[in-house]
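Number of protein chains: 4
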Amino acid sequence: MIIAMNEGAAEEQVQQVIDHLVRMGFEVHRSTGARQTVLGAVGARVDFDVRELEVLNGVQEVHRISAPYKLVGRSFRPEGTRVKLRNGLEIGGDQVAVMAGPCSVESREQLWRTGEAVAQAGAKVLRGGAFKPRSSPYSFQGMGEAGLKLLRECGEQFNLLVISEVMEISQIALMLPYVDIFQVGARNMQNFNLLRELGKVRKPVLLKRGIAATIEELLLSAEYLMAGGNYDVILCERGIRTFETYTRNTMDISAIPIVHKLSHLPMTADPSHGTGRRDKVAPMARASVAAGADALLVEVHCNPDKALSDGAQSLYPEQFAKLMDELRIIAPAVGRRIA
Amino acid sequence: MIIAMNEGAAEEQVQQVIDHLVRMGFEVHRSTGARQTVLGAVGARVDFDVRELEVLNGVQEVHRISAPYKLVGRSFRPEGTRVKLRNGLEIGGDQVAVMAGPCSVESREQLWRTGEAVAQAGAKVLRGGAFKPRSSPYSFQGMGEAGLKLLRECGEQFNLLVISEVMEISQIALMLPYVDIFQVGARNMQNFNLLRELGKVRKPVLLKRGIAATIEELLLSAEYLMAGGNYDVILCERGIRTFETYTRNTMDISAIPIVHKLSHLPMTADPSHGTGRRDKVAPMARASVAAGADALLVEVHCNPDKALSDGAQSLYPEQFAKLMDELRIIAPAVGRRIA
Amino acid sequence: MIIAMNEGAAEEQVQQVIDHLVRMGFEVHRSTGARQTVLGAVGARVDFDVRELEVLNGVQEVHRISAPYKLVGRSFRPEGTRVKLRNGLEIGGDQVAVMAGPCSVESREQLWRTGEAVAQAGAKVLRGGAFKPRSSPYSFQGMGEAGLKLLRECGEQFNLLVISEVMEISQIALMLPYVDIFQVGARNMQNFNLLRELGKVRKPVLLKRGIAATIEELLLSAEYLMAGGNYDVILCERGIRTFETYTRNTMDISAIPIVHKLSHLPMTADPSHGTGRRDKVAPMARASVAAGADALLVEVHCNPDKALSDGAQSLYPEQFAKLMDELRIIAPAVGRRIA
Amino acid sequence: MIIAMNEGAAEEQVQQVIDHLVRMGFEVHRSTGARQTVLGAVGARVDFDVRELEVLNGVQEVHRISAPYKLVGRSFRPEGTRVKLRNGLEIGGDQVAVMAGPCSVESREQLWRTGEAVAQAGAKVLRGGAFKPRSSPYSFQGMGEAGLKLLRECGEQFNLLVISEVMEISQIALMLPYVDIFQVGARNMQNFNLLRELGKVRKPVLLKRGIAATIEELLLSAEYLMAGGNYDVILCERGIRTFETYTRNTMDISAIPIVHKLSHLPMTADPSHGTGRRDKVAPMARASVAAGADALLVEVHCNPDKALSDGAQSLYPEQFAKLMDELRIIAPAVGRRIA
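These protein sequence lines map, in sequence, to chains A, B, C and D.
For the first sequence, this note's numbering begins at -11 and goes up steadily by one.
For the second sequence, this note's numbering begins at -11 and goes up steadily by one.
For the third sequence, this note's numbering begins at -11 and goes up steadily by one.
For the fourth sequence, this note's numbering begins at -11 and goes up steadily by one.
If we strip away everything but chain A, and leave its shape as in the complex, we get:
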């Protein structure tokens, strides 16, 4: 951490800051120039609040030096993390894994028709929600455990792994037998109680960026998971909130190469939530792969017009098959392949 004092800061102000740093456990290096004094603070603590220093008298500005994350940083695993899954699938390797399926599991027929279609088109993981807390108590709330069972059974039938969203700690144990990857939604990116419990699980976690979260905050949440002992973390861009209103969110494609530079963790993209509109999903899916995404999460529904949730952003099966063909052309440009 670097603390720049105001020009003309009094000596006792400088001493007060030094004392504060020492109390916080830092070793302090002082450098006094012609115009101002600059303090360097070195130490092992990462969980401090820089504002404590910013509000001290005489302080001009404070900068953290080293990123406050350790385990997620690129230098921890310079070669990059490959999350290994059943059936030999790896996320973070040469293959761009595509995870596809409906927003919610609605019925056996709906899931089988969708699952078969996405498997035929080349998807490797089946996605589907079992818990859907909705704003109206009369709306469809998800099938719960019955939905998870269907996901697992459908996945086995079509040789697909299973990913599904976990929303509360109490759902972890329930989901464990059915899913291959736990998905944490954007609203729970900073639900530290949930992250703490998922840190103890021995299955991969796909962590979505919150709509108001910086990339650094996404990495800090991933650090929380890894600090808990779960090193199989997959990150996911799904759009941030900006002033542009045409799309629900603005998908920040540049987060893909940025995460790859800062971290060793696989970085994926969800163009369905990232745009919220079916007609923008394919362009943004292509853009994500072209920018280097390690995997995609795409909503597909056998009959989007009848979907019980998010039908407007679900692809028709034939649109998904066409998209997969386009991705097969693009992937070699970044040294990758689609299944």
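FYI, nobody ran anything at the bench for these hints, they're computed from the structure.
Treat each hint with caution, since some may be false.
Each pair may be met inside one copy or between any two copies, as identical chains are not told apart.
Heads up, simulated EDC-like pairs for lysine to aspartate or glutamate below, C-alpha to C-alpha not over 16 Å straight-line [what the hints assert, rightly or not]:
(1) K188 x D7
(2) K72 x D168
(3) K249 x E204
(4) K72 x D293
(5) K191 x D168
(6) K294 x D37
(7) K294 x E97
Fit chains B, C and D to the supplied structure of chain A, relying on the hints for placement.
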């Protein structure tokens, strides 16, 4: 809802949209002009997804007409809601209620010294957190129920009501005997499971705006609470995320008069979280009252330099007393008074 | 335009709004439902301020129906615009045109080395700035007309067209003999005086999106150019300002398919300004082409470490050549080709 | 400037960065810790691009230490600047100066009726636009010099100073005899050519914050004016663009105390443009004064319903008079007075 078709939309496209609306339960009025066809859809449903229509062929744009909230709208109670509390305090009336106290309850001594100071300065409600999920498992996590007991005891000693944040459904029953107002934090503004349970409680709820939430979304979350049967809802502005980085968040003071126009619910402000820096709390507290806020939530600590959390945004007791004096000057400009 | 009145709006309030609309030149259709009255206003005017209606008593909300632009709308030219340039190059056709070169023209040697490299790699247009107003009066301010002459000469030598930024009305006549495309920078997107003059010019204009401009505002500025008589307008995404601070701006790749849906004008991308960092230019250039961009604008410098401006976002010639090879793989996925 | 190298950065990478800094004219201090090397660079240059260093191999992050502005910084004039105007009015002193008047000068009658009303209510400066570039070439474009003459004449009649917006360099000489303060609009905040010329003028300049500009960027533009020799600079908050759509812009009231901390320049507020809606102007004007604004800029029109521009955000004269009475109550809370 109004659906504008593209210029030159085919007749079958128009029919498809009409059919879709009828299936959704709407009554449809069609108006065909020289350049385009416009459809008006009237009906009782509020829980639909406008994007379902936006993605239909031939549709240019879709607008909701009536706000999707009913109970929180101004017209439900044109005279405004006054949330009545013990001891005769009302939020939403002539008096601007000030709620003050530490970020977290840390000890009996800390709470008593702070509570006495804020009561003497004129605060009517004691605030303090009992649960503090933190990014580091080694950081202070809050005192839990022991903290709640201290809050209640301290409140009784200094004639202060008690407000504290609830973070999970399981905490509701635990907190019920101790608090007068449940506070829902910005991260939980759209935790619909939690809101559903708080809708059943017969104590007031103070709901904070999420950092990426529009005013409409804040009102929708309040609608959820009211639909559950709890009409004693208090709203709170605490800053939104913008591109400006000098402050943690940008406090949207204009949300105060906007909520007052759109809704009958009391609208309050939290300048401590809204700015994140002690030296900006007093100006923004004054601005909030001048803009018409019904109450303030202010962090005060008897010794901010030693605070276990958020010390940088906590006022010293003497700063708080000075602020209260300033507010006493300002309040009459908006026809209000401070205690 | 649709005006929804408040529930319970008085009849004289409705009449006042109708009178106001009639004075504005609209034809009004009234529809009174069980809960509220809705007014539809139809007419030829586009240059009105909806807020005039929003602030009338009894008005709940106002929606524009038809987009306020006519000439740039997709329906004006459903087949899409192809901007035809010398040498047979078209922007908006099957070929993705790449425009490349240094931020500023600095010297004959710098321009020739860069120009030769980008031409060899397949660029079709040479970019370079001649006017550089800088925050320090001691910084390099651009070569002015001498720079324009070099651009033209270098372009002829390597068979490249020329694009350069125009910043003031007085520069138009000066630039006319030298450039094939006028570039309007993000800061001037709403400089209506400049746009008015460029509307009279018979050379294409590439209009960049402002960093705080919505897509609708970009289209409105294009409408201004077209209304002035210049139909050869090319749009360009170059990043918007968001809360994310890792990159200078957040490049909104989704603007590419959105503009293609709303308008017939070609939509291009500038990944150099869109990211501000050399190591993010190639991923975002690839993403732009994968999302359907009609052309790219890329900063390349023969020696970026010595560049007088924007060196940090300029590619090395060998990086540019590699990028072009990658784009040649990607373009067929969207039915396009690179030169 | 502080440059933190990656953990494990090679020695030649460190040397390359040091060499680069030395070439840029900096003196370099090196500090090598257990985990990483940190370089401190000290020097007089302020007009460099930190990204040049960020993209060097082995660099983790770069921080500017001292703010890149010198003349506008608080330490340049710790006691604060008072801009002295004719008639003894000071902006930045004990009095909160109110500048009021119509968006545009439309006619002698309109200006006299409005000017008399705002003078009676206590305004000290008359505002009014003479140049109005509009999106439609058929809309009212402002009265030009005739409007400036009316402003001056009306100001003299009612003992009001005059402020008006300058949009192009060519208008400066024309306006000089008529105005007491030049206003620079949000769109021109970074029009460095215009700022350079205004730096040479010996009349005060009121500089508005751009809708996408950080507070630091506003101060940098002010630095440009001061570096040109014009020390009478007044800053103005008028709203920034955020995701909230209910208001045109989100007025950042916290910018008022922040500018007062960082700079000695007076900081004012424009609640008319800051909100864009008449019914929000008074609350935001009150909030601005309560937060410490040195002056206000308020749009008032004798007949807003007939205004040729921005009628929706113009106050009626009686609303303005009421607002002035409210401000007289609030100002003493911050040790100020309204005329």
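Against the structure, the hints come out as follows:
1. In this assembly of identical chains, the alpha carbons of K188 and D7 never lie at most 16 Å apart, being 38 Å within a copy and 47 Å across copies at closest.
2. Taking identical chains as interchangeable, the C-alpha atoms of K72 and D168 lie at most 16 Å apart only when both belong to the same chain, with a minimum of 11 Å there against 51 Å between chains.
3. Within a single copy, K249 and E204 get their C-alpha atoms as close as 12 Å, which meets the 16 Å cut-off; across copies the closest is 28 Å, which misses it.
4. In this assembly of identical chains, the alpha carbons of K72 and D293 never lie at most 16 Å apart, being 36 Å within a copy and 41 Å across copies at closest.
5. With identical chains, the CA atoms of K191 and D168 are at most 16 Å apart within one copy only, with a shortest distance of 7 Å there and 42 Å across copies.
6. Taking CA atoms no more than 16 Å apart as the test, K294 paired with D37 passes between copies only; the shortest distance there is 12 Å, against 49 Å inside one copy.
7. Taking CA atoms no more than 16 Å apart as the test, K294 paired with E97 passes inside one copy only; the shortest distance there is 13 Å, against 61 Å between copies.
Of the numbered hints given earlier, the model fails hints 1, 4; all others are met.
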